[in-house]
Amino acid sequence: MFEIESLCTRNGCFSLEDINLSIWEGECHAIIGPSGSGKSTLLRAILGLLPVMSGRICLGGKDIHHWPMEHRCLGYVPQHLGLFTHLSVYDNLCYSARARRLAAVEFKPLLDRLIEMTDIGSLLNRRIDTLSGGERQRVALVRALAAGPRLVLLDEPFTALNETLRRELWWLVKALQHERGLSSLLITHDMTEAYFLAEKITVLISGRQVQSGDKTTIYRAPGSLAAARFLGVKNLFPAMVAEAAEGHIIADCPMLKHRFRLGGRAPAGTAICLGIRPEDVMLCDVGHPPLAGDCVLHGSIRVIDMGAAVAMHFHSSQVPSDIELTAPRRAARCFAIGNDQDCKTISLPSAAMFWVRDE
Amino acid sequence: MIHLKHISIGACLAVLAIYGGLILSLMWFLDAAMLRETLFSDRTQFSVNLSLLAATTATALTLLLATPAAYGLSRYKFWGKEAVETVLEFPIIISPAALGAILLIFFNNPLGTWLQHNVIYFVFTFAGIVLAQFVTTLGLAVRMLKTAFEEVPIELETVARTLGGSPSYVFFTVTLPLARNGLIAAFILTWAKALGEFGATLMVAGSMAMRTETLPIAIFMRLSSADIEGTVALIFILAGIGLASLYAARCLLRRSRHV
Numbered sequence: 000m001f002e003i004e005s006l007c008t009r010n011g012c013f014s015l016e017d018i019n020l021s022i023w024e025g026e027c028h029a030i031i032g033p034s035g036s037g038k039s040t041l042l043r044a045i046l047g048l049l050p051v052m053s054g055r056i057c058l059g060g061k062d063i064h065h066w067p068m069e070h071r072c073l074g075y076v077p078q079h080l081g082l083f084t085h086l087s088v089y090d091n092l093c094y095s096a097r098a099r100r101l102a103a104v105e106f107k108p109l110l111d112r113l114i115e116m117t118d119i120g121s122l123l124n125r126r127i128d129t130l131s132g133g134e135r136q137r138v139a140l141v142r143a144l145a146a147g148p149r150l151v152l153l154d155e156p157f158t159a160l161n162e163t164l165r166r167e168l169w170w171l172v173k174a175l176q177h178e179r180g181l182s183s184l185l186i187t188h189d190m191t192e193a194y195f196l197a198e199k200i201t202v203l204i205s206g207r208q209v210q211s212g213d214k215t216t217i218y219r220a221p222g223s224l225a226a227a228r229f230l231g232v233k234n235l236f237p238a239m240v241a242e243a244a245e246g247h248i249i250a251d252c253p254m255l256k257h258r259f260r261l262g263g264r265a266p267a268g269t270a271i272c273l274g275i276r277p278e279d280v281m282l283c284d285v286g287h288p289p290l291a292g293d294c295v296l297h298g299s300i301r302v303i304d305m306g307a308a309v310a311m312h313f314h315s316s317q318v319p320s321d322i323e324l325t326a327p328r329r330a331a332r333c334f335a336i337g338n339d340q341d342c343k344t345i346s347l348p349s350a351a352m353f354w355v356r357d358e
Numbered sequence: 000m001i002h003l004k005h006i007s008i009g010a011c012l013a014v015l016a017i018y019g020g021l022i023l024s025l026m027w028f029l030d031a032a033m034l035r036e037t038l039f040s041d042r043t044q045f046s047v048n049l050s051l052l053a054a055t056t057a058t059a060l061t062l063l064l065a066t067p068a069a070y071g072l073s074r075y076k077f078w079g080k081e082a083v084e085t086v087l088e089f090p091i092i093i094s095p096a097a098l099g100a101i102l103l104i105f106f107n108n109p110l111g112t113w114l115q116h117n118v119i120y121f122v123f124t125f126a127g128i129v130l131a132q133f134v135t136t137l138g139l140a141v142r143m144l145k146t147a148f149e150e151v152p153i154e155l156e157t158v159a160r161t162l163g164g165s166p167s168y169v170f171f172t173v174t175l176p177l178a179r180n181g182l183i184a185a186f187i188l189t190w191a192k193a194l195g196e197f198g199a200t201l202m203v204a205g206s207m208a209m210r211t212e213t214l215p216i217a218i219f220m221r222l223s224s225a226d227i228e229g230t231v232a233l234i235f236i237l238a239g240i241g242l243a244s245l246y247a248a249r250c251l252l253r254r255s256r257h258v
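Protein chains in written order, with numbering that gives the first Met the number 0: chain A, 0 to 358; chain B, 0 to 258.
Some hints could be false.
Distance condition first, Cα-Cα at most 25 Å in a straight line; then the derived SDA-like pairs of lysine to any residue [as the list claims (entries may be wrong)]: (1) Lys76(B) to Val51(A); (2) Lys4(B) to Met26(B); (3) Lys76(B) to Glu16(A); (4) Lys76(B) to Ile63(A); (5) Lys76(B) to Met26(B); (6) Lys76(B) to Lys173(A); (7) Lys76(B) to Ser14(A); (8) Lys107(A) to Lys76(B); (9) Lys76(B) to His64(A); (10) Lys76(B) to Cys12(A); (11) Lys76(B) to Phe13(A); (12) Lys76(B) to Phe195(A); (13) Lys107(A) to Ser165(B); (14) Lys173(A) to Arg219(A); (15) Lys76(B) to Pro50(A); (16) Lys80(B) to Pro50(A); (17) Lys80(B) to Lys107(A); (18) Lys61(A) to Asn19(A); (19) Lys76(B) to Arg9(A); (20) Lys80(B) to Phe13(A); (21) Lys61(A) to Thr157(B); (22) Lys107(A) to Tyr168(B); (23) Lys76(B) to Arg219(A).
Just so you know, the hints here were simulated from the structure itself, not pulled from any lab data.
Start from the sequences, fold in the hints, and give me the full structure.
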C-alpha cells in the first residue's frame, strides 16, 4: 500500500500543503487539476526530486521520502516518455535489469510476458527514433513495468496521442492493471482519462487538495466551487440555505425561482452554489416528465452535433444565464441541429443537483 | 529584388572569401623547396611533436576537470554557482598574454615558488606550456560541455534512476552517451585552441628554440628574424593540422548522428 500523509513540499515560491492519499495494491489513483495546481510538484516530491518539508511518503508501511530514488521501487512514465534514444528498444527494456545486475532468469519471464501482452515483440531491434507514438508509449510502459515497481507513476503519458490511440492504450493499461495487479498514480488534467483508468481521484487546485475519494463521488458531487468548475460543471446557480434539517437542507435559488430539497448539512443562511451536470438535465419533450420537486423551465434550445452525442444550450427568460445540456444523439433526434427551437421544456431534477459552499 | 536568402548566402561566401583570401595570399611567399626543407627540418619536427603532445595533454587535463564541472553547473544549484559561471568568461575577457602574465606573477609569489620547488617546475618548461594551454582553454571547455549536458533532458536521468541506476551508473550509461556529440565537439575545439595558443605560452614558457618552441612560437620566432618563407611554411603546417582535425571532427559528428 502506498500512502501520503500530511505531505508539505515546496518548489520555489509554490508550495503544496497537507496532501493525503492512499493507493491499495492493484488500484489506480488519479491526481487531476488545472495547469499550475501542483500535480507535477507532488510527483516530483514522490520521486525525491523535491524536499519534503513535513509529512510522510510510505510504501509498504515504510517511510521512503529520504530514500535514494533508485531504491524507492517506483516506476515512472513521464509525459515525454523518457526513452533512451541511444539504445535499441530491447536495451531500453533491459536497462533496469542491467542497472540492478539481475541474471536473465530473474527478469526474462516477466519481460517476455509484458512484451507479449503489449505486442512489441517485432520492435525489439528497432531504434527509438523509428517508432510511432503508440509504439513508444508501449515501450515506455513495458520498460517501467519490467523493473517490477510497487507503484507506477504515470505523468500525463497519453497527452500527445490521438483519440483512437489514447483509448487503445487506456485499455492496455486496464489489462495490465487486471493481470499484473498494477498499482498506479496517474497525473492528468483529462477527467475522462482519470475516470476510465482510476478507481479513486484526488483534485488539486492551487496547491491544495480540494477533494479526494471514489471517482463517482468526485464526479457527481464536487467538493468545492473550484473543483466543480474544473470538472466541467457550467450549470452553477447561487443559492441560500433556507432551512436546515437533520440530514438535508432546503436551498432557495432566486435565479431559478425554485426551492430544492438536497442532502447534506449546512446552517440556515449559508451562501451556497447549486450545480447540475449537463447530462443530468432532463428534456421533458422527449419523454422525461418532471417529478414533484424538480425545477421546470421553458425556453428555446440550440443543438450542436458532437458525433456520438449532442450538446445543447437552453435559453430561458426565467434564467439569466444559459443552461448547458448533453444527451445521446438518439435521445435528441426530434431536435433539428443548429437552429434555435422555441417552446421547449427542461427539468432540473432535485436528485441530480449537488451543492457546494459559495467561495 | 534582393531577398534575405541572397543576402545571407552572400554573407556566408564573404566569410569564406576573407579566410580563403588570407590563406591564398600566403602563396605569394610560398616556396616549394623552402616548404619541403622546413617541413622535414629537425626544428620543425620538434615544434610539431611538442605542439601535438602539449595540446593533447592540456586537452586531456582540461576535460578531466571541465566534464564534472560542466555537469555540476548544468544540473545543480549551489553556493558560488554564479561566480563560477562568471569566471568562465575570464580567459575570454582578458587576453591570453595577460593570462600568461598572471601565471608568471603567481609563480613569483611564495605559494608559486613553493610549488615550483616542491611539486613541479613550470616556468620555461613543457609543464609550463601545458599549464598555459590548460588555463586558456578551461573556461571555453566548461562552457561547451555545459551546453552539451544541458541538451540532455534531466527527465531521462530521473527515469534511469527509477529504473534502478545509481547516479554514477546513470551518468555513464545515459548522460555521457547522449552528450557524446557535444563532448566530441568540445574535445576537438579545445584541442584546436590549445594547439594554436600563443600569448600565455610565450609568457610562461618563453620562446626557446628546441625547448619550448611550439608551432605558434616557432612562427613568431621565424617572423621576428624576417624569415617570411619559413613563417609561411609553418603557418601552412599549423593550418593543415588544425583544419584536418576540425574536418575529422565534423565527419565524426555526422557519422555519430546517424549511428
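How the hints compare with the structure:
1. Lys76(B) to Val51(A): The given pair, whose Cα atoms are some 18 Å apart, holds under the 25 Å limit.
2. Lys4(B) to Met26(B): 33 Å, violated
3. Lys76(B) to Glu16(A): With a Cα-Cα distance of about 24 Å, the restraint between Lys76(B) and Glu16(A) holds, given a limit of 25 Å.
4. Lys76(B) to Ile63(A): Given that 25 Å is the threshold and the Cα spacing comes to 24 Å, the pair holds.
5. Lys76(B) to Met26(B): 53 Å, violated
6. Lys76(B) to Lys173(A): 40 Å, violated
7. Lys76(B) to Ser14(A): 19 Å, holds
8. Lys107(A) to Lys76(B): Measuring from Cα to Cα gives roughly 40 Å; hence the hint is violated.
9. Lys76(B) to His64(A): Since the Cα atoms of Lys76(B) and His64(A) sit roughly 21 Å apart, the hinted pair holds (cutoff 25 Å).
10. Lys76(B) to Cys12(A): Answer holds: Lys76(B) to Cys12(A) is near 16 Å, not above 25 Å.
11. Lys76(B) to Phe13(A): Holds. Lys76(B) to Phe13(A) sits at ~18 Å (cutoff 25 Å).
12. Lys76(B) to Phe195(A): Given pair Lys76(B), Phe195(A) is violated - Cα atoms ~40 Å apart, limit 25 Å.
13. Lys107(A) to Ser165(B): With a Cα-Cα distance of about 22 Å, the restraint between Lys107(A) and Ser165(B) holds, given a limit of 25 Å.
14. Lys173(A) to Arg219(A): 23 Å, holds
15. Lys76(B) to Pro50(A): With a Cα-Cα distance of about 14 Å, the restraint between Lys76(B) and Pro50(A) holds, given a limit of 25 Å.
16. Lys80(B) to Pro50(A): Given pair Lys80(B), Pro50(A) holds - Cα atoms ~20 Å apart, limit 25 Å.
17. Lys80(B) to Lys107(A): 45 Å, violated
18. Lys61(A) to Asn19(A): Cα-Cα ~16 Å, so holds.
19. Lys76(B) to Arg9(A): With a Cα-Cα distance of about 16 Å, the restraint between Lys76(B) and Arg9(A) holds, given a limit of 25 Å.
20. Lys80(B) to Phe13(A): 23 Å, holds
21. Lys61(A) to Thr157(B): 22 Å, holds
22. Lys107(A) to Tyr168(B): Measuring from Cα to Cα gives roughly 22 Å; hence the hint holds.
23. Lys76(B) to Arg219(A): Not OK: Lys76(B) and Arg219(A) at ~45 Å, beyond 25 Å, violated.
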